[in-house]
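Undergrad: This is what each chain is made of:
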Amino acid sequence: MDFDKALELFEPVLGFEVHVELGTATKMFSDAPNPAAFGAVAAEPNTQITPVDLGLPGSLPVVNEQAVRYSISLGLALGCSIAESSRFARKNYFYPDLAKNYQISQFDEPIAYDGSVEVELSDGRSFTIEIERAHMEEDAGKLTHVGGATGRIQGAEYSLVDYNRAGVPLVEIVTKMITGAEKDAPELAKAYVSAIRDIVVALGISEARMERGNLRCDANISLSPRGSGTLGTRTETKNVNSLRSVERAIRYEIQRQAAILAAGGTIIQETRHWHEDTGVTSAGRPKSDADDYRYFPEPDLLPVVPGAALIEELRAALPEAPSLRRRRLKEAWGFTDLEFQDVLNSNLLVEVEQTVAEGASPAQARKWWTGEIARVANEREVEPGSLVSPEHVSELIALIESGDLTDRLARQVLEGVIAGEGAPHHVVDARGLKVVSDDGALIAAIDEALAAQPDVLEKIRDGKVQAAGAVIGAVMKAMRGQADAARVRELVLERAQQ
Amino acid sequence: MSEITPDVVRHLAGLARIALTESEVASLTGELGSIVDNIAKVSEVATPDVEGTSHPIPLQNVFRADIPGVTLTTEQALAGAPDHDGSRFRVTAILGEEQ
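Sequences listed follow chains A and B, in order. Using the numbering used here, the letters of the first sequence correspond one by one to residues 130 to 627. Using the numbering used here, the letters of the second sequence correspond one by one to residues 243 to 341.
Simulated from the structure, these hints should not be mistaken for laboratory data. Virtual Cβ for every residue (Gly too), placed ideally from N, Cα, C. Mixed in with the good hints, there may be bad ones.
As the list claims (entries may be wrong) - Only pairs whose alpha carbons sit at most 30 Å apart, straight line, appear in this in silico DSS-like list of lysine-lysine:
id : chain 1 : residue 1 : chain 2 : residue 2
1  : B       : 283       : A       : 220
2  : A       : 563       : A       : 606
3  : A       : 496       : A       : 563
4  : A       : 229       : B       : 283
5  : A       : 459       : A       : 496
What the hints assert, rightly or not - A few chain B positions that, by computed beta-carbon distances, are all more than 10 Å from chain A:
id : residue
6  : 248
7  : 267
8  : 268
9  : 290
Work the whole structure out from these sequences, hints included.
TA: Have a look at this one:
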């Protein structure tokens with residue numbers, strides 16, 4: 130069903146569960162290296178595990194203190210209260226993504242609860258999203274389904290398990306029910322996940338790379354028929370791994386549910402999987418509120434009692450809130466509302482800030498990130514930040530400002546950097562893309578072009594400067610575009626008078 | 243009375259991938275049943291004003307420093323696996339999904 134029509138008939142009600150992998154050096158309950166640690170590179174399967182991660186008999190989990198500190202900081206940044214005493218619980222289920230047959234999570238005593246996040250929409254309106262809780266838990270291993278036509282669970286002959294990710298520290302942030310978003314629901318969803326990402330990045334507790342699964346969003350959506358005052362049945366959409374797909378998945382699911390309800394059907398309470406490539410969700414496991422995980426307090430772990438001193442220490446160390454930071458950066462960069470909104474809407478604030486920190490001018494950093502890089506990212510349906518590093522963008526801008534590259538050449542260099550050919554100066558050398566700044570070579574080409582077009586030469590000498598365009602074009606062509614057009618123009622006018 | 247029947251034991255054993263003989267099923271049905279009955283007895287006396295005990299000794303805040311230690315080698319990790327492909331555990335395909 131058409132999105133506007135769906136909104137006419139129903140009010141969307143949202144809820145999000147965002148999982149954040151913490152970038153600690155080790156796992157939540159074992160001293161195995163954390164594959165989500167800052168700067169970690171992918172390791173061979175089952176090489177980052179200890180007996181604890183495999184749940185071997187006799188092994189005992191011990192809580193990673195740094196993960197607790199990170200979790201409290203995140204809770205505070207979300208405006209949450211921190212529990213005086215918090216404990217872990219076993220969430221029991223049979224599935225081989227964890228070898229223990231349970232996940233250590235938190236149930237009735239989460240580390241943080243009752244917070245809120247200010248989220249800004251693209252038109253500048255802000256929206257408050259209430260946080261119910263943020264709790265600590267461990268990530269599960271990675272399953273690869275083998276056999277069957279599609280490589281998916283259905284039809285698979287067997288599954289291969291890599292437990293490297295098992296035990297990675299996670300914080301799960303759960304919102305309260307979100308109503309009143311109306312037609313902005315898809316955008317609000319994206320803005321919320323983006324706000325969480327900004328907070329996590331500002332805290333420096335996770336690399337927060339969605340494409341690597343550092344930040345994952347499960348979106349609960351239901352539709353309430355207008356005027357009914359009753360809530361609809363919800364679905365939980367998983368596998369939403371980019372900001373762009375958060376927005377698309379919500380929009381899709383609203384339209385899908387509306388079509389079913391309008392035709393007199395009923396929504397099944399289930400998990401649904403988002404497919405990035407086809408832009409649809411498909412049915413997963415039926416899920417009910419009665420799912421019985423038989424939670425009970427984890428007998429192998431002791432309560433976490435942070436104490437006021439630690440909480441206040443971490444509160445005092447909190448970085449500037451992202452919303453305040455935005456205001457400060459806008460002023461420092463001297464951007465207009467429109468320019469700044471352009472950066473925010475493209476979710477490129479961090480990239481632009483890091484590029485400026487590398488020495489680039491704010492205007493150029495904005496121009497390249499929201500322009501060419503965003504264009505290529507959009508074409509390939511990936512996040513701009515995954516294509517090129519702020520360091521390389523800054524180097525590219527420096528090459529433009531020193532006159533070594535024109536914008537046109539810089540786009541070719543960027544293409545090379547994105548293709549993995551190395552830093553901009555490597556690409557310049559390897560592809561031979563430097564601007565011809567040797568006036569001698571330019572003058573030779575100009576003289577040749579002027580000789581070939583004597584009528585143009587006459588016109589220029591008669592003061593018809595715009596006629597020079599034809600000669601400039603010929604020279605640029607002769608230089609295979611590797612010349613600064615402004616300099617060529619200067620030289621053409623100079624030579625024409627001789 | 244306990245809800246543990248031989249069928250429940252067989253189901254749990256299947257989920258846990260543990261092969262049980264019929265005599266093991268029979269003895270476990272009795273043993274698990276008496277455990278469940280004993281727990282039920284505790285539930286009867288545990289009124290809501292009694293706080294849950296997660297640990298017999300009143301300790302708290304036992305932490306580990308965030309410093310990587312020794313990991314298992316792949317060979318060690320897979321040593322107890324019923325089946326593997328040389329680097330990953332191989333398990334029967336299960337209809338379901340990651341939690």
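Undergrad: Decide, hint by hint, whether the structure agrees.
TA: To see whether the hints hold, each was checked on the structure:
1. B:283 x A:220: 24 Å, holds
2. A:563 x A:606: 15 Å, holds
3. A:496 x A:563: 21 Å, holds
4. A:229 x B:283: Holds, at roughly 28 Å.
5. A:459 x A:496: 15 Å, holds
6. 248: With a cut-off of 10 Å, residue 248 (chain B) remains clear of chain A, as the shortest Cβ separation is near 19 Å.
7. 267: Since the minimum Cβ distance to chain A is about 18 Å, residue 267 (chain B) lies beyond 10 Å and the statement holds.
8. 268: For residue 268 (chain B), whose nearest Cβ neighbour in chain A is about 23 Å away, the distance exceeds 10 Å, so it holds.
9. 290: 13 Å, holds
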